[in-house]
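Chemist: Sequence:
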Amino acid sequence: MPRLPRLRHPRDWQSLAYLVALPALAAWQWVHGFRWPLYGLMLFLTLGIGVIHHNHTHRRLWRGRRANRLTDFAITLLQGHPTFVFWPTHVANHHRYRHGEKDVARTYRFRGGDTNHLSGYLLHPLQAVCVLYPTILVWLAALRRRSPGAFRYCLAQYGLWLGAWALLLAIDWRRALVFVIVPQLHGLHWLLATNYLQHAHADGRAGARGDTPGSALNYARNFEGLVNPLLFNIGLHTAHHENPHAHWSELTRLHRAHYRARVAPALNEGGLVPYMLRVFVLGTVVPRFRSRALMPSMSVDPSHH
Numbered sequence: 031m032p033r034l035p036r037l038r039h040p041r042d043w044q045s046l047a048y049l050v051a052l053p054a055l056a057a058w059q060w061v062h063g064f065r066w067p068l069y070g071l072m073l074f075l076t077l078g079i080g081v082i083h084h085n086h087t088h089r090r091l092w093r094g095r096r097a098n099r100l101t102d103f104a105i106t107l108l109q110g111h112p113t114f115v116f117w118p119t120h121v122a123n124h125h126r127y128r129h130g131e132k133d134v135a136r137t138y139r140f141r142g143g144d145t146n147h148l149s150g151y152l153l154h155p156l157q158a159v160c161v162l163y164p165t166i167l168v169w170l171a172a173l174r175r176r177s178p179g180a181f182r183y184c185l186a187q188y189g190l191w192l193g194a195w196a197l198l199l200a201i202d203w204r205r206a207l208v209f210v211i212v213p214q215l216h217g218l219h220w221l222l223a224t225n226y227l228q229h230a231h232a233d234g235r236a237g238a239r240g241d242t243p244g245s246a247l248n249y250a251r252n253f254e255g256l257v258n259p260l261l262f263n264i265g266l267h268t269a270h271h272e273n274p275h276a277h278w279s280e281l282t283r284l285h286r287a288h289y290r291a292r293v294a295p296a297l298n299e300g301g302l303v304p305y306m307l308r309v310f311v312l313g314t315v316v317p318r319f320r321s322r323a324l325m326p327s328m329s330v331d332p333s334h335h
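Everything in the sequence shown is counted per the working numbering, starting at 31 for the first residue and increasing by one.
Hint data in this document are derived by calculation from the structure and do not stem from the laboratory.
The list that follows gives simulated cross-link-like pairs (lysine to any residue, SDA-like), each with its CA atoms no further than 20 Å apart:
hint, residue 1, residue 2
1, K132, H120
2, K132, L162
3, K132, A323
4, K132, A122
5, K132, Q157
6, K132, V161
7, K132, F116
8, K132, H271
9, K132, E272
10, K132, A223
11, K132, M325
12, K132, V121
13, K132, P118
14, K132, W117
15, K132, L222
16, K132, I166
17, K132, P326
18, K132, L167
19, K132, V159
20, K132, P155
21, K132, A246
22, K132, G143
23, K132, G142
Based on the provided sequences and hints, a complete structural model is requested.
Modeler: Next comes the structure, spelled out in structure tokens:
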């Protein structure tokens, strides 16, 4: 009798609950009609799916290879994009260069430079896609030469995603858009925009410069609010970067014990929502609510934001 798959960490039942709840809510509304409370919960769960994707890349959910591959395909279906893209764009790029000048999607690369405002947050995912997808295609070309089997596995994820969209659109294009595609695009936008939340106005050159004690950690912003446990501690970004294989449930302890006191105070925020309201909404009209750039050579007058 085949063994049942085993989770690597017991807290990942939370991840499984999200992976089940999202399609269940979509299916129920597909049949019974739109409900605002359920739809709002769906939109929140799409944020969680993006973090689960991220976590599953760094630390696989299951002890068995087959279960992990099935999870890859499940996340591909739920997120609306292949899961393999985290390897070339996140692990080999973002974690390697830590928002430095070689990070292809660094927030200060794009027009306007080192900004931190609402339009930058909203536009960053679109800007990032334009530079990340060439990286993905180059990586796929190299993978095809090096490992044809792995290349076919990546193509299978594209086939599953696009095939699912085509099937659902053929069945009922309106329901497919409302209950599947729009929520997925919302989740993908947030997944890419998180890079802006975590790194805009942080010191992307800190690791290379290292001119003051602790400055090498000033490449990321941390959020300590109540949303964190619901989104798998994605806000504790310094601890994650410094310990990429640590389970997400361990990041609170690591952050408090090793990193909170060592990063610039401006990079330790409370709640995510209060931060966004203060910087992106109030900061639009009141300069004192705006953040300040930590890269001296790229600092700008906040009134120009």
